[in-house]
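Trainee: Order-wise, the sequence lines are chains A and B.
Per the working numbering, the very first residue in the first sequence carries number 1; after that it's consecutive.
Per the working numbering, the very first residue in the second sequence carries number 1; after that it's consecutive.
Simulated from the structure, these hints should not be mistaken for laboratory data.
Just so you know, these numbers come straight off a predicted model, no measurement behind them.
Hints are supplied without guarantee of correctness; some may be wrong.
With the C-beta cut set under 10 Å, the calculated list includes, among others, these residues of chain A facing chain B [to be verified]: (1) Asp88; (2) Asn167; (3) Ile206; (4) Val246.
Not everything, but these chain B residues come out facing chain A in the computed CB check (under 7 Å) [as the list claims (entries may be wrong)]: (5) Ser157; (6) Lys159; (7) Leu199; (8) Thr207; (9) Ser211; (10) Ala229; (11) Val232.
Just so you know, even glycine gets a beta-carbon here, dropped at the ideal spot from N, CA and C.
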Amino acid sequence: MVLILDITTTIAMLFIVTAGLMMIFGIMKIVNFAHGALLTMGGYAAFVVTQLGWSPWLAWPLALATGMIVGAIIEYLIVRPLYKRPLDAILATWGLGIVIGQLIILAFGRDVKFADVPLTGTWSLGGTDYSAYRLLLIPLALGLCALLTALLNGTRFGVKTRAVIMNEELASGLGIHAGRIRFITFSLGAGLGTLAGALISPLSSIDPGMGITWLVSAFMLVMVSGHSMPSLIATCAVFGACQVIVSTYASPVLGGLTIAVLAALTLRIRPKGFAHD
Amino acid sequence: MKSTYPLIRIAVLAATALVATQGHAAEPIKIGVAVGLSGANSVVAPAVVQSSELAVEQINAAGGILGRPVQLEIVDDASGAIGAQKAFDTLVLEKKVNAIIAMESSAARNAALPVISRGRVPYIYTSFYEGRSCNKWMYVNGWVPEQQVAPVVDYFSQKLGAKNYFLVGSDYAFGRGMLKFTKAYIEQHGGKVIGEEYLPMDGSDWTAVISKIRSTQPDALISATAGGAPNVSLAKQLKAAALTLPYGNLAIDEGTGKTMGDVATGMYMSASYLTSIDTPENKKFLSDLGQKFAGNLSTPNELSEPQYEAFFLYKAAVEKANSIDSAAVVEALNDVSIVGPRGVVQMNASRHTPLAMRLGQIQSDGSIRILETQEGVSPGIQCPNLK
Chain A
1 MVLILDITTT IAMLFIVTAG LMMIFGIMKI VNFAHGALLT MGGYAAFVVT
51 QLGWSPWLAW PLALATGMIV GAIIEYLIVR PLYKRPLDAI LATWGLGIVI
101 GQLIILAFGR DVKFADVPLT GTWSLGGTDY SAYRLLLIPL ALGLCALLTA
151 LLNGTRFGVK TRAVIMNEEL ASGLGIHAGR IRFITFSLGA GLGTLAGALI
201 SPLSSIDPGM GITWLVSAFM LVMVSGHSMP SLIATCAVFG ACQVIVSTYA
251 SPVLGGLTIA VLAALTLRIR PKGFAHD
Chain B
1 MKSTYPLIRI AVLAATALVA TQGHAAEPIK IGVAVGLSGA NSVVAPAVVQ
51 SSELAVEQIN AAGGILGRPV QLEIVDDASG AIGAQKAFDT LVLEKKVNAI
101 IAMESSAARN AALPVISRGR VPYIYTSFYE GRSCNKWMYV NGWVPEQQVA
151 PVVDYFSQKL GAKNYFLVGS DYAFGRGMLK FTKAYIEQHG GKVIGEEYLP
201 MDGSDWTAVI SKIRSTQPDA LISATAGGAP NVSLAKQLKA AALTLPYGNL
251 AIDEGTGKTM GDVATGMYMS ASYLTSIDTP ENKKFLSDLG QKFAGNLSTP
301 NELSEPQYEA FFLYKAAVEK ANSIDSAAVV EALNDVSIVG PRGVVQMNAS
351 RHTPLAMRLG QIQSDGSIRI LETQEGVSPG IQCPNLK
């Protein structure tokens with residue numbers, strides 16, 4: 001039972017952490033190396049909320065809002081001229097990640113910070129007491145996945161986004177404002193990144209490097225899953241389950257490598273990964 | 001009041017003249033301090049510098065060493081090997097110091113030792129470390145694993161009746177080294193290690209490890225992770241999982257325990273120095289520091305306090321040798337002892353010192369309650385090849 005809960009909560013955490021990157025890298029095809037720094041920002045949003053003495057639940061909307069605003073600024077100033085130069089965008093976002101990290105150090109210092117946790121204690125499930133906060137992440141991940149799928153597949157905005165990504169000139173010819181679509185998608189992706197940072201902060205340390213540890217796994221997962229949210233959650237499910245099983249039955253040191261190794265193997269055998277088109 | 005001014009002026013002039021003439025006769029003894037003013041150690045460096053300044057001020061106020069004043073030379077070692085090499089070159093070759101007293105990282109110490117050997121300068125290393133670093137010119141007054149592990153395991157097995165232990169660490173030299181020693185110590189004393197798990201150094205997801213702890217149901221948990229992020233994420237995830245077994249943390253210091261707040265409540269730690277040590281020496285040390293640095297005092301800690309003591313050990317050694325000759329001082333350093341804030345310190349155990357070790361438990365307000373003090377815990381034989 002514990003193993004099943006470990007696997008499901010790990011999947012939920014992986015999905016939450018990668019959803020923002022999916023918007024930017026999976027859908028917009030911008031290799032966003034600043035994703036780690038965005039996660040870190042979310043952790044610090046939780047810290048700021050604690051410092052202000054607000055309810056820890058407010059960390060979530062604050063993180064989302066901060067991320068969207070910062071994302072909008074980044075898109076406008078840095079990423080916009082680079083859509084046609086993806087290699088330069090890699091360097092730009094990588095540098096941006098370093099800059100954001102250093103700004104955080106300047107503002108908050110190098111040391112580990114602590115934020116209040118919105119939900120503590122355990123829930124009893126199938127005879128085992130399990131961390132309530134981890135369990136909470138499961139419905140959150142499912143809800144997030146449903147919302148984003150609905151947004152991308154069920155709304156006008158989603159159709160336009162896909163049109164712009166598939167063929168920007170044709171989309172513009174049909175009267176779609178490509179620049180605005182990219183602007184909104186990027187901001188949303190950045191907002192989801194910082195939201196994820198706030199969501200994982202009760203289980204991780206809040207320090208200037210907190211997001212970096214997730215970066216490689218997140219990229220691997222998005223690369224394998226292509227560009228739809230359901231395939232991302234499927235990838236997270238398969239790889240997350242493997243990671244927990246390897247960590248439990250072999251060793252956590254090997255478990256840390258699982259996602260990277262599996263992703264490399266999958267892409268070698270099936271370059272499209274989990275995408276089915 | 002105005003009329004007393006000329007008098008004061010004369011007195012000051014006379015004093016200056018006196019100091020000036022004495023200055024000719026008594027050339028200062030130069031003591032070098034290499035410390036990580038920049039880099040990873042920059043968090044603790046200010047406290048180390050304050051300790052050094054306080055020690056030198058007190059020694060000079062009491063007449064110096066052999067009638068000569070002490071002069072402090074502080075240089076930055078950038079917390080690493082390359083910086084340490086430069087720093088020690090500066091101290092030994094350029095400033096020509098008589099001794100070096102330094103709290104540094106292990107990498108910095110290892111890089112500095114060849115410079116020490118070449119320059120033949122007595123060197124007191126004041127940081128706790130993983131042990132077994134030996135050099136003819138070096139003495140150590142911080143703890144080694146032999147001293148830190150024993151109080152935790154002894155308390156768990158004797159007071160809490162723990163038999164089955166689970167060990168958790170980060171996968172690097174300190175983590176593996178500490179836990180290897182811990183395991184051996186537990187098994188020597190009749191306990192059993194029923195689980196030993198490591199996570200990569202930058203790992204922060206302890207899910208599988210925590211489930212294993214839960215399923216094996218040990219009596220106690222002991223961890224040696226890298227400082228900072230892994231240590232904090234482990235504590236948070238243990239708390240989220242509501243695991244309440246006795247937990248000894250070999251990688252936590254007083255300051256971190258304080259900032260962690262309720263995440264660390266109930267955690268056990270062992271240290272040779274804690275600010276809550278209730279002795280006249282420690283109280284005087286704390287109040288002297290408070291007076292000298294009033295507004296910008298950096299809280300003293302396990303790394304800055306041994307730095308303070310080392311100056312008095314050096315003074316005692318020079319006075320015993322009645323000379324600042326390096327070879328004579330190094331010989332005398334083995335024999336002299338002082339009573340400092342941590343208690344008696346004498347570096348006579350193959351260049352290391354037996355220490356009074358404290359077992360502390362972190363309270364909900366972040367303070368550390370000392371549960372037990374083990375006097376004279378031996379560092380074992382660290383340097384069998386040195387006299």
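Trainee: Determine for every hint whether it applies to the structure shown.
Mentor: Hints versus structure:
no.	hint	result
1	Asp88	violated, 28 Å
2	Asn167	violated, 40 Å
3	Ile206	holds, 8 Å
4	Val246	holds, 8 Å
5	Ser157	violated, 27 Å
6	Lys159	violated, 27 Å
7	Leu199	holds, 5 Å
8	Thr207	holds, 5 Å
9	Ser211	holds, 5 Å
10	Ala229	holds, 4 Å
11	Val232	holds, 4 Å
Going through the hint list in order, the structure does not satisfy hints 1, 2, 5, 6.
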